[in-house]
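Engineer: The primary structure of each chain is shown beneath.
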Amino acid sequence: MPLHVREELRWEKVTLFRESRWIPLIAVVLLICLGAVCVLGVVGGTTFLVPLSRTEEAGPVAGAGGPNESNAAPPTQTREAVETPKEEPESPTALPTGEQVLNVPGGDPPTLDPHLSGDATSAEYVVEIFSGLVTFDRELEIVPDLAESWEVSDDGTVYTFFLRQDARFHNGKPVRAQDFKWSVERACDFRTRSTTADTYLGDIVGCRDMLRGNANQVEGVQVVDDYTLEITIDQPRVYFLAKLTYPTAYVLDQENVERGGRTWTDNPNGTGPFKLAEFRFGELIALERNENYYRDPKPQLERINFVLSGGSRMVMYEQGELDMTAVGLNDIERVTDPTNPLNSELLTVESMGIFYIGLNVEQPPFDDMKVRQAFNYALDRQRIIDVVYKETVPVAWGIVPPTMPNYENPDLKPLEYDPEKAQELIAESKYGDVSEFPDITFHALGAGGATGRVIEAIVASYEENLGVQVEVQQTDWATFLSDLNRPDNPNQMWGGEAGWIADYPDPHDFLDILFRCGSFQNHTGYCNPEVDELLDQAASEEDRERREALYRQVEQIAIEEAPWVPLFFEVEYWLIKPYVMDAYLPPMVVPKYQYYYLER
Amino acid sequence: MLAYLIRRLLWLPLLLIIVSFITFTLGYYGPADPIVALLGQHYDPEIATQLAREYGFDQPFAVQYLKYLERIARLDFGESIKYRNQPVLRLLIPRLAITIQLNAVSSFIGVVLGIGTGVTAALWRGKWVDRLVVFGVVFGRAIPVFVAGPILLFLFARTVPVLPAGGWDGIFSRSAVLPVVLLSIGPMAIFARQTRSGMLEVMGQDYIRTARAKGLREVAVVTVHALRNAFIPLLTILGFLLGSLVEGTFLTETIFGIPGMGQFAFEALGGRDYPVIITVTLLVAVAYALGNLWVDVLYGVVDPRIRQA
Chain R
1 MPLHVREELR WEKVTLFRES RWIPLIAVVL LICLGAVCVL GVVGGTTFLV PLSRTEEAGP
61 VAGAGGPNES NAAPPTQTRE AVETPKEEPE SPTALPTGEQ VLNVPGGDPP TLDPHLSGDA
121 TSAEYVVEIF SGLVTFDREL EIVPDLAESW EVSDDGTVYT FFLRQDARFH NGKPVRAQDF
181 KWSVERACDF RTRSTTADTY LGDIVGCRDM LRGNANQVEG VQVVDDYTLE ITIDQPRVYF
241 LAKLTYPTAY VLDQENVERG GRTWTDNPNG TGPFKLAEFR FGELIALERN ENYYRDPKPQ
301 LERINFVLSG GSRMVMYEQG ELDMTAVGLN DIERVTDPTN PLNSELLTVE SMGIFYIGLN
361 VEQPPFDDMK VRQAFNYALD RQRIIDVVYK ETVPVAWGIV PPTMPNYENP DLKPLEYDPE
421 KAQELIAESK YGDVSEFPDI TFHALGAGGA TGRVIEAIVA SYEENLGVQV EVQQTDWATF
481 LSDLNRPDNP NQMWGGEAGW IADYPDPHDF LDILFRCGSF QNHTGYCNPE VDELLDQAAS
541 EEDRERREAL YRQVEQIAIE EAPWVPLFFE VEYWLIKPYV MDAYLPPMVV PKYQYYYLER
Chain H
1 MLAYLIRRLL WLPLLLIIVS FITFTLGYYG PADPIVALLG QHYDPEIATQ LAREYGFDQP
61 FAVQYLKYLE RIARLDFGES IKYRNQPVLR LLIPRLAITI QLNAVSSFIG VVLGIGTGVT
121 AALWRGKWVD RLVVFGVVFG RAIPVFVAGP ILLFLFARTV PVLPAGGWDG IFSRSAVLPV
181 VLLSIGPMAI FARQTRSGML EVMGQDYIRT ARAKGLREVA VVTVHALRNA FIPLLTILGF
241 LLGSLVEGTF LTETIFGIPG MGQFAFEALG GRDYPVIITV TLLVAVAYAL GNLWVDVLYG
301 VVDPRIRQA
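Just so you know, the protein sequences line up as chains R and H, in that order. Mapping of the first sequence onto the numbering used here: residues 1 to 600, in sequence order. Mapping of the second sequence onto the numbering used here: residues 1 to 309, in sequence order.
None of these hints come from the bench; they were simulated from the model. Any given hint might turn out to be false.
To be verified - Derived, one-sided and incomplete: chain H residues facing chain R with beta-carbon distance under 10 Å: (1) R8; (2) H42; (3) P60; (4) G239.
Stated by the list, open to error - Every beta carbon over 12 Å from chain H, so not counted as near; a handful from chain R, in silico: (5) D108; (6) D119; (7) A549; (8) I576.
Beta carbons are placed, not taken as given, at the ideal position from N, Cα and C, and that holds for glycine.
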């Protein structure tokens with residue numbers, strides 16, 4: 001650097017510093033200011049984002065630190081008096097405002113748009129805010145919802161729904177057949193980008209055409225008059241009504257959706273038992289009772305606060321910040337101990353889900369059925385599940401969960417633990433001996449953490465009972481799915497901690513979707529024309545018993561031919577405070593909070 | 001000074017273009033895609049293709065990237081894929097607010113306490129205070145957030161349950177105490193250590209002796225003469241502090257279930273929610289760049305020798 005510049009610099013330094021000997025102090029003050037500005041700015045910022053403010057009537061809610069109301073809520077007044085629910089015989093006497101407030105754990109919903117929701121978290125809120133033609137009762141039987149009754153044509157393809165005339169959207173507008181037609185067409189419009197319309201509405205004549213951009217309307221949905229709707233499907237499907245219980249088939253208010261634009265769900269005008277009162281991402285979703293709800297039981301809770309911010313839900317439950325919570329594996333032992341006071345608040349829910357190991361029938365060594373059977377026989381499932389899951393879940397010997405309504409298979413012959421038979425089968429297989437097997441990799445879900453204990457136990461069992469080394473490879477959920485969905489699924493075996501959960505309570509959702517040749521959810525590549533034939537018959541069989549018998553046959557064949565090693569049926573453990581009455585915990589996401597009430 | 005500042009700021013867009021390019025490339029060629037994550041178990045190749053077309057994912061890399069850049073230039077960060085139809089910024093801002101509050105408070109506490117401890121240790125060099133500080137620094141630096149976090153939780157939420165185990169009720173609530181403590185350990189240890197060594201070096205200088213010789217009070221000697229010069233290396237660390245805080249925040253937010261940006265970004269990675277991932281990456285890059293710029297400017301204020309270098 002040239003000297004004269006340095007000279008100049010020195011001079012500058014002298015003048016500057018002579019005036020300010022307090023530079024270090026200034027620096028510290030600057031730092032403090034910066035910190036303060038950050039905090040103030042940000043705190044101010046959040047307040048700015050949620051401008052409306054009102055007294056929190058919700059009691060101790062974690063995540064509701066600022067008693068602000070988001071712009072999500074329409075300016076409804078808090079009601080002073082609570083109507084005594086008339087139709088509920090076991091309902092408590094009228095409670096003063098502020099007591100029927102339930103605090104439950106929740107998750108951030110990817111969407112509140114029924115037509116877009118395809119995940120359980122979203123559905124949890126959507127089923128309370130919106131509703132459709134039919135729904136499930138507490139026994140998971142299909143019951144009328146917005147449709148008062150319906151008729152099915154003799155050939156089983158035309159459904160005529162007669163709508164309730166007293167049903168209203170939250171803003172008081174009556175629900176008419178035209179709203180349903182518009183809603184189905186919106187869901188089937190490819191521009192809506194629904195991920196579930198194909199599954200749930202695809203059977204309706206014209207919906208698939210619209211999904212592919214080949215039609216402007218769904219001709220299978222016809223408005224007969226304001227309160228009569230006619231839906232035509234492509235062929236008789238006994239499970240079709242069950243599909244209509246799913247949010248994709250719910251009715252929306254056209255005006256609400258069109259006026260609200262892409263974020264119309266900020267102010268959803270639904271038809272369900274509850275209305276959205278507040279929504280702060282990552283913090284809180286609050287639902288308020290719909291006072292004009294049309295169906296029994298009428299909701300009794302005034303407000304449900306879903307606490308979205310994380311933290312230990314168990315601790316929050318024990319401190320009274322939550323009225324109910326699911327129990328994690330780490331706490332199960334503690335709460336199932338009868339001497340623990342929490343034990344009396346414990347409730348188990350058998351979900352309609354199964355966990356299994358998938359075996360790729362197109363990849364060696366699982367291309368030989370005998371090897372697949374051997375992998376079933378070689379696993380002491382009862383012991384593994386009992387040890388790992390502390391005897392909290394039942395072993396799955398079959399495929400359809402025991403909670404499935406109108407279906408059971410008591411005569412199912414499972415492939416029970418028999419290591420000798422397993423070895424015999426391998427000797428009989430085309431490989432003859434395990435030394436002839438290619439390397440086997442087990443694809444498990446996970447992102448860098450330790451392998452789940454159940455997978456460790458499975459791998460150890462195969463080594464012990466068959467002398468097979470199974471290597472475990474972990475991938476994250478998206479990669480895991482991406483591999484399974486490839487037409488040439490590269491995985492040999494996978495699962496363990498991944499499973500299948502019912503979308504609708506019908507054996508079709510397990511046996512047809514997961515075992516039919518070429519079904520996109522049939523990742524094992526299993527294909528048996530005999531099974532397909534039985535599935536076709538079952539799909540259109542209206543006689544309940546004959547249909548059940550057909551599915552039993554399918555289940556038995558699928559177990560014997562062993563594209564799966566079923567592991568266990570899912571069970572959830574919940575703690576619920578004793579003052580929460582009629583706490584109904586369904587095995588799948590269906591409207592439930594209209595049954596709840598509090599009695600302190 | 002102004003010209004320098006402008007020159008430095010002009011580099012920012014270029015930096016952002018490079019960062020966005022790397023993130024975009026990794027996303028484009030990496031395993032799985034957002035459509036798979038979105039469809040989950042309802043996957044159907046035809047629907048997947050249809051959705052990919054709707055989202056524009058079927059277009060070539062260059063077209064997608066340039067379109068993205070063009071939107072970014074208009075400060076349009078797009079819509080989340082996982083959170084259907086929700087603008088990214090709308091999702092991000094409330095979470096970012098929490099992260100910034102947490103970071104600002106923790107780094108402020110960490111820096112102030114760190115400098116204080118460092119000065120104390122230097123002034124009582126070799127005494128028990130000094131030894132304790134040196135030990136504490138080693139301990140604080142060596143123990144990572146993901147170890148210290150659960151330990152704090154175990155001690156103050158489980159064994160002696162005086163503080164909530166997680167959740168978020170705002171920065172001025174009890175739920176913020178443990179995360180702030182956890183996040184300020186790192187900066188505090190670094191600053192204590194650097195202040196101590198800086199002070200020790202400076203205290204041995206001739207001008208300190210001169211200052212003492214001309215009869216200045218010890219307080220003035222320390223604050224005006226010693227601390228000012230010990231500050232220069234500290235400013236460098238301040239720039240890096242931003243980086244370590246970002247990393248620490250991601251972990252801290254996950255441990256305590258704080259709905260901040262770190263937790264959100266982690267979730268977005270799982271869902272291959274690229275609009276969110278890229279926006280977060282750009283934000284972090286801007287924070288880094290501005291942090292360093294701020295440090296350079298402060299350098300100039302504290303030490304004019306650097307001002308025009």
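Engineer: It remains to establish, for every hint, whether it holds in the given structure.
Structural biologist: Verification of the hints:
1. R8: Not OK, violated: R8 (chain H) not within 10 Å of chain R, min 18 Å.
2. H42: H42 (chain H) check passes; min Cβ-Cβ to chain R is 5 Å, inside 10 Å.
3. P60: 20 Å, violated
4. G239: With Cβ-Cβ at 13 Å, over 10 Å, it is violated.
5. D108: Non-interface label fails for D108 (chain R): nearest chain H Cβ at 8 Å, not farther than 12 Å.
6. D119: Given a closest Cβ separation of 7 Å, the condition is violated.
7. A549: 28 Å, holds
8. I576: 20 Å, holds
In this structure, the hints that do not hold are numbers 1, 3, 4, 5 and 6, in rising order.
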